[in-house]
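Number of protein chains: 2
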Amino acid sequence: MSRGKKHTGRLVLGVDVGGTNIKSVLVDVRGEILATMKRSTLARKGRDAVIDRIVMTLRDTAKKSGFPMKRVTGAGVGFAGPLDPATGVVFNPPNLPGWSNVPLRDILRQRLKMPVSLDNDANLVALGEHWKGAGRGAKCLVCLTLGTGVGGGIIVDGRVMHGARGIAGEIGHMTLVRNGRMCACGNKGCLEAYASAKGLVARMQELLKNSKGPKRGRVTPENIWRWAHSGDKLANKTIKDTGTMLGVAIASVANILNPDIVVLGGGVSNLGDPLFGAVREEVRKRALPKITEGLQVVGAELGDSAGALGAARSLLLSLNT
Amino acid sequence: MSRGKKHTGRLVLGVDVGGTNIKSVLVDVRGEILATMKRSTLARKGRDAVIDRIVMTLRDTAKKSGFPMKRVTGAGVGFAGPLDPATGVVFNPPNLPGWSNVPLRDILRQRLKMPVSLDNDANLVALGEHWKGAGRGAKCLVCLTLGTGVGGGIIVDGRVMHGARGIAGEIGHMTLVRNGRMCACGNKGCLEAYASAKGLVARMQELLKNSKGPKRGRVTPENIWRWAHSGDKLANKTIKDTGTMLGVAIASVANILNPDIVVLGGGVSNLGDPLFGAVREEVRKRALPKITEGLQVVGAELGDSAGALGAARSLLLSLNT
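Chains as they are written, first to last, in my numbering: chain S, 172 to 492; chain C, 172 to 492.
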């Protein structure tokens, strides 16, 4: 293929392994995408089957690009945490049955015969958005992925902030309400219990319980969005309240970290302006003026491919240290 | 003086300028203290008088050590924020009247004719505790100074974490209770409103209002401590509740930053075991297990001299970059 001749520099693979899908990219060192691929994870088939599918997906991504595997310098892997990026061991991701203390990085190194790096998927979404998305050029970036859960990642000077044991960035599990809603993690009142898809739905249900309005269909994030757009007051209040809770959390994180940009991604962030407006208002109310002055709260730009791009970037960074 | 002959390496000054006192040290590169000094700030006399007193204190500290000023490589300065450590400009510290956008670092450079670095006092307490105190060797340290306010500092890989504009670490102003107590910063429910000396006193007063116990004297931190030690249930509950609120905040910060050590200093931290016990219990309840596993919560070790030592360290770090 002719494309093969255009790139004489290094090529790297990036892959984002989720509970549902495996998404991959092949990129050059500037992050130009040469091929992408998406496969279902088939997590229920267990650990070994998932590892086979990761390897297959990466090989097929290279094939699709027209470059031979031997032109690929390495592969970055994003995986559900908790995991240790320093040792490359996955502890026990709640969405992936049969995984417990798996040395995934070393297994993939052996299978692929190339350098492999491993990091938490939410960290790599943050890194991807910093590299090629909404957070380009930021000195300190905070990224929240508002999906089934709330994932968090912190980028300082272009690198993932890992903390002492590689688990930093669990912003979804900061306490917002001391005796608040139960969170899947066992704590009460976590941000995740308010700003995830589940939290959004729970808020609408709370409001419905106390109202005598018309009957509505099944409460889902999609329906809340639809209802809000057709002028439903409760649906609009649901979005505003969710944005306010998110704003309380972001104000605290901003006071702690002084980021120049906060990037919001994931399904809930698609609620758009009404959500972002409420977030920004609450941040302005609560964060120190000097913190707010230099802060932007924006939507993610890379969508589905942020994690795989971040994974590729992470591998590149690991080669340069 | 004979001591002058023992140190052939670099010597640096460190000074911590507070609303009440100016505290200084002269140290060698390993942080061995050769002289210390403490003077009142006399903040009411205004900016120029305070700058004169800083210069005088630093010169006198060198003199006291027996080393001539020309042997001193530079001076690190800790000052009440907000300020910009990159430009060395003090914005508008609430406890120091007459200071507004003062280029303190450059003024002191000219007066002292040596390299000067400037940083937030709470950041330098954290750096001092990391260098020579309770946090030696920590990969990621969080330090809270529980005094009139609640100061915070974050040290990652031996350096102050500054964020995008140099104002990171304002942990005292994270929101703990959405519609909680008013804080001096204008926000509601900040950690500072619960875990500062003022917050401690406010909690005891709340509890007293709802109780029919014996009359007590003036509610001060010292009296709360005294009463608690003589078995006063309300005083003990005051300390426990304060520790619990502090624990909620520390659990959140730990989930965000994954520190290996949290150091608590300042007057309120002298409440000791009853406070620390409540903090640790709440952190264990709320932080993710993998976060708690690697985390210690301990008291500061350097007391009054942490800030000046951190200032000296900060100057040394600035010379090596």
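Quick caveat, the hints were computed from the structure, so don't treat them as lab data. There's no promise every hint is true.
No copy labels: a pair is met if it fits in one copy or bridges any two.
Said to hold, decoys possible - Calculated pairs, DSS-like style, for lysine-lysine (alpha carbon to alpha carbon, straight line, at most 25 Å):
id, residue 1, residue 2
1, K408, K216
2, K359, K408
3, K383, K235
4, K456, K235
5, K461, K235
6, K209, K411
7, K359, K411
8, K369, K235
9, K359, K461
10, K461, K310
11, K380, K234
Comparing the hints with the structure gives:
no.	hint	result
1	K408 to K216	neither (41 Å within a copy, 53 Å between copies)
2	K359 to K408	both (23 Å within a copy, 22 Å between copies)
3	K383 to K235	neither (56 Å within a copy, 78 Å between copies)
4	K456 to K235	neither (50 Å within a copy, 49 Å between copies)
5	K461 to K235	neither (49 Å within a copy, 39 Å between copies)
6	K209 to K411	neither (34 Å within a copy, 52 Å between copies)
7	K359 to K411	both (22 Å within a copy, 19 Å between copies)
8	K369 to K235	neither (37 Å within a copy, 65 Å between copies)
9	K359 to K461	between (31 Å within a copy, 17 Å between copies)
10	K461 to K310	within (16 Å within a copy, 28 Å between copies)
11	K380 to K234	neither (54 Å within a copy, 74 Å between copies)
In this structure, the hints that do not hold are numbers 1, 3, 4, 5, 6, 8 and 11, in rising order.
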